[in-house]
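J.: Heads up: the sequence shown runs through residues 949 to 1203, numbered per our numbering.
Be careful, since some hints might not be right.
What the hints assert, rightly or not - Here are the simulated PhoX-like cross-link-like pairs (lysine-lysine), alpha carbons at most 25 Å apart as the crow flies:
| # | residue 1 | residue 2 |
| --- | --- | --- |
| 1 | K999 | K1055 |
| 2 | K1065 | K1023 |
| 3 | K1162 | K1137 |
| 4 | K1065 | K959 |
| 5 | K1162 | K959 |
| 6 | K1023 | K965 |
| 7 | K1200 | K999 |
| 8 | K1199 | K1137 |
| 9 | K1012 | K963 |
| 10 | K1065 | K1199 |
| 11 | K1176 | K960 |
| 12 | K1147 | K965 |
| 13 | K965 | K999 |
| 14 | K1012 | K965 |
| 15 | K1200 | K965 |
The hints are simulated quantities; they were obtained by calculation from the structure and are not laboratory data.
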Amino acid sequence: TESFPFTAKNKKEVKRKIFSALDICHENRANIVCLPELCLYEEWISEIEEKYPDMIVIGGSFYKENKNICPLIIKSNTDVPYQPKITPSAFEYKIMEMEERMIPGDKIYRYETQFGKFIILICRDFDDLAHYFRGNDIDMIFCPAFNPATANERFQDEAHSHVERTPSYILIANTGLHGGTSIFGQINKNYFSALVDGKCKSAEDSTYKLCEVKEKQEEVIIADFNLKHKNVPKPTPSNPDEEIRSVENIKKIPI
């Protein structure tokens, strides 16, 4: 919608796509799923918990009490804090009266799970804050976003720079309307040609962007991430079969 707090225009269709994507992830035995910013309604959380108890779902975000919050939907015996957005996007700031603006959060939570240690940086928080986490003991950064196509390159440049300096993984989930959903991690660049053949990567792209969903495409990226070996082995084994790959089995599946 164009008015604050922002919500999805076609609630029924958005829900169908969200649960279709979750079904695909479940069928492919995904452990963690990240949804785009502002794609969720709070009332869907209990249904997700019931239907996908074995998956961790980073639920994009929704507004509650003027805060843009991302729920971490996970089976747990303790309360798991939701991650609030800290830095308002331009559309959350410039068109609203002061009392109607997004209330910023003040803390980034670090989540430790059986499937890795990670943080969630919602949209512009990634652009503004990701560099503070270089060198930290974090396996993954998840970025639920609602970016225009013009912002995708900037976010992806930051993601490449981050994983190049700090062996880790970055996963950006953006709206299919503008593309830019992508995964980043260090792998031996000799394998880039296979990613090109699999239509995950452009031939001219030399960055650690391993797979991307293009503009106006609605697809899920599936991949296996090695949490013990997040960088390129040096020296590289002479026998390719002996090389431990940080990321494997990368593919895109239409929703």
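J.: Next step is simple, just say for each hint if it's right about the structure.
T.: Each hint, compared with the structure:
1. K999 - K1055: Distance of about 30 Å is beyond 25 Å: violated.
2. K1065 - K1023: 16 Å, holds
3. K1162 - K1137: The given pair, whose Cα atoms are some 22 Å apart, holds under the 25 Å limit.
4. K1065 - K959: 32 Å, violated
5. K1162 - K959: At roughly 23 Å apart (the allowed maximum being 25 Å), K959 and K1162 satisfy the hint.
6. K1023 - K965: Satisfied, since the Cα-Cα distance of roughly 23 Å is no more than 25 Å.
7. K1200 - K999: Roughly 23 Å between the alpha carbons, so the hint for K1200 and K999 holds.
8. K1199 - K1137: Answer holds: K1199 to K1137 is near 17 Å, not above 25 Å.
9. K1012 - K963: This hinted pair holds, its Cα atoms lying about 18 Å apart.
10. K1065 - K1199: Cα-Cα ~23 Å, so holds.
11. K1176 - K960: At roughly 40 Å apart (the allowed maximum being 25 Å), K960 and K1176 break the hint.
12. K1147 - K965: 22 Å, holds
13. K965 - K999: 15 Å, holds
14. K1012 - K965: Given that 25 Å is the threshold and the Cα spacing comes to 22 Å, the pair holds.
15. K1200 - K965: With Cα atoms ~15 Å apart, K1200 and K965 stay inside 25 Å; holds.
Consistency note: the structure conflicts with the earlier hints numbered 1, 4, 11.
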